[in-house]
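The residues making up each chain are set out below.
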Amino acid sequence: MNAVMQWIATMWGYYWGDGFYQYLFLAAALYLLIFRRKEKSTRQILLYSLAVLFLFLCPLTAVIIRACIGDSVYWRILWLLPTAPVIALAGTQFLKARRSRPAKALLLLVFTGVIALSGEDMFRSGNYYLAANYQKVPNEVAHICDVVNAEAEKDGIEQITLAGDETVASYVRVYDASIFMPYGRRKKGALTKASSTLYQAINAEKPKYKRIAKYAKKAGCNFLVAAVPEKRIKRFQEYGFYEIGHAGSYVIFQLEESSIS
Amino acid sequence: MSFALKGLLAGFWLLLVPTAAGVPFLRKKSPFSLAESFLAGYLFLFSAAELLTLPMIYLDQPLHRLTVCYGTVTLLTAAAGVILTVRDAPVSDTTEKRGSRLFTPGALRHISPFLIAAVIIILIQICAVIVFAHNDADDAFYVATAVTDVETDTIFSTNAYTGLPYRVPYRRYILSPFPVFLAVVSQLSAGLHPAIMAHTVFPAVFLFAVYVVLYQFARRWFPDDADARGIFLFLAAVLSWFSAYSVYNSGSFQMVRLWQGKAVLASFMLPLLIHLSFSITMEEHPRYSWLLFGMANLSGCLLSSMGIILTPLVMGLFVFAGLLRFRSFKRTALGLLCCLPSVLLGLFYVLVL
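For the protein sequence lines, the chains are A and B, in the order given. Heads up: the first sequence begins at 218 in my numbering, then just goes up one per residue. Heads up: the second sequence begins at -7 in my numbering, then just goes up one per residue.
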């Protein structure tokens, strides 16, 4: 029982993070309960919120729901909680009672400030950046795909199989699905042992470049992208991969035709 | 075809078609607003996508066939909506009445300044999601599936991670083919790249839709107070703006990845479902048809596997509350019937997949 309650508290913590929105929600609910309890809208939304909170917090329902949706995403039950509507409803009910528009406007600014202090600005939290491509994938990935496609066209290569680290693997096929990969994000889709080994080698904290080149060839890759220091590029040449370009910190390699087995 | 023209086509399929297609489902509710028909239209589009996609996956049909079927069904429904609107328009609805509805310079004076402020904030948010990018690694499956399906003209038969045929498809995702919806809409928009559709068009359209839903709450709670409706929408928009306090809350999903099914579920479908539940199960005379309630369930199933569980959970809560309040067997049976799609899909997942 204690373990379940602790786990519920952890999920609660995940959802609300560093903000104070849960306290805003509580304050809003209390305001509605005390001052607006006779209104139908208040009763309905608060009763519904209470039911959701019960589902989330009750150990019995939590265990049942966890069995259905999984351990790691139990916090998603809180998506059912109408946080924004309840806070906005309470704020509006409070402001509605003011008579003059300037007073409402002034208080609205105060509320905006309180919300800003309780949360964190989406735009200042590093969530957004300007992408240089319409598909809005990381710029390096778009450049890698363009370079690889251009080289393949030049050499008459019909099927491109490209390997890269986790970042590259996650976005290459979002940009261009004509490029094949030996594995995807988190090694998903890896069919051979060589592909799995390559994934581990290329994402290792201290990569062994010979190993990367060896298994890239074994996994059937004719293109390879890795963050490689200049002096280590030779290691790739030993396995037939020669440098065809750069994209940020990545070096783009192509397998020599004579090396294709 | 030019980029701008593809964008216009996307606007046609994602704004005009749902608005018109929602009309046949609102006829009992008279009068209804454009916003209501837009939302009802989305319930229809999502339901149609789910109902058409699932059998086509199992019949191993090509994407272009699904695109043609989906396009035809939605266009016909939208056409029916237009015809019904024109046919049912009152004869006396001449320039005098119409003039009062349409925008006139004088009408601006009657719009609440709070609503104008809210609209400005919402427009800033919409512009931001159009102009800026946000990288989310979950796209490696969700968006890549759409790009892969377009590239190979298949539906869920090619592994989005590698480009190789699936040995066994990911059973968790197959019943919620929102990426296929993305692929279909991209194809209908003259082949606009699914990643562009996902990262630029979808967030703009769905962010707008999220606020349309929230405005329905405002209309419900403050029917006679325009200022209050504006304040409510303003506060809701500000709350979303400052949602970066965690990456798990629905506001955060709404602001940074509104092209993924689970984000659309969290920020658009679940609030819409709550609004519908209040209007259908908690009213003595339901304001919308039970069909819409059932379509909301199907729509949740399309968006995410989480939707297959969360939508019946919300609906179940309200049906139970309705039973306590009205003690009506018929209403309860109707409510439970509306949950049937997710129950069937859940059983299919457990027993067959």
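To be clear, the hints were calculated from the coordinates, so they are not data collected in a lab. Built from N, CA and C at the ideal position, the CB exists for glycine as well. Wrong hints could be hidden among the right ones.
Unchecked claim - Estimated spans, in silico, between C-beta atoms of each pair:
#1 B:Val344 <-> A:Gly343: 41 to 49 angstroms
#2 A:Asp288 <-> B:Val160: 17 to 25 angstroms
#3 A:Met222 <-> B:Arg319: 33 to 41 angstroms
#4 A:Asp288 <-> B:Asp130: 12 to 20 angstroms
#5 A:Ser466 <-> B:Val160: 35 to 43 angstroms
#6 B:Thr144 <-> A:Tyr459: 25 to 33 angstroms
Verification of the supplied hints:
1. B:Val344 <-> A:Gly343: 41 to 49 angstroms: At roughly 43 angstroms between Cβ atoms, glycine 343 (chain A) and valine 344 (chain B) fall inside 41 to 49 angstroms, so the hint holds.
2. A:Asp288 <-> B:Val160: 17 to 25 angstroms: Taking Cβ atoms as reference, aspartate 288 (chain A) and valine 160 (chain B) lie about 23 angstroms apart, which means the hint holds.
3. A:Met222 <-> B:Arg319: 33 to 41 angstroms: Given a distance of about 36 angstroms, which is inside 33 to 41 angstroms, the answer is holds.
4. A:Asp288 <-> B:Asp130: 12 to 20 angstroms: holds, 18 angstroms
5. A:Ser466 <-> B:Val160: 35 to 43 angstroms: Because 36 angstroms falls inside the window, the suggested range holds.
6. B:Thr144 <-> A:Tyr459: 25 to 33 angstroms: Once the Cβ atoms are compared, 30 angstroms apart, the range 25 to 33 angstroms for tyrosine 459 (chain A) and threonine 144 (chain B) holds.
Checked against the numbered hints listed earlier, the structure breaks none of them; every hint is satisfied.
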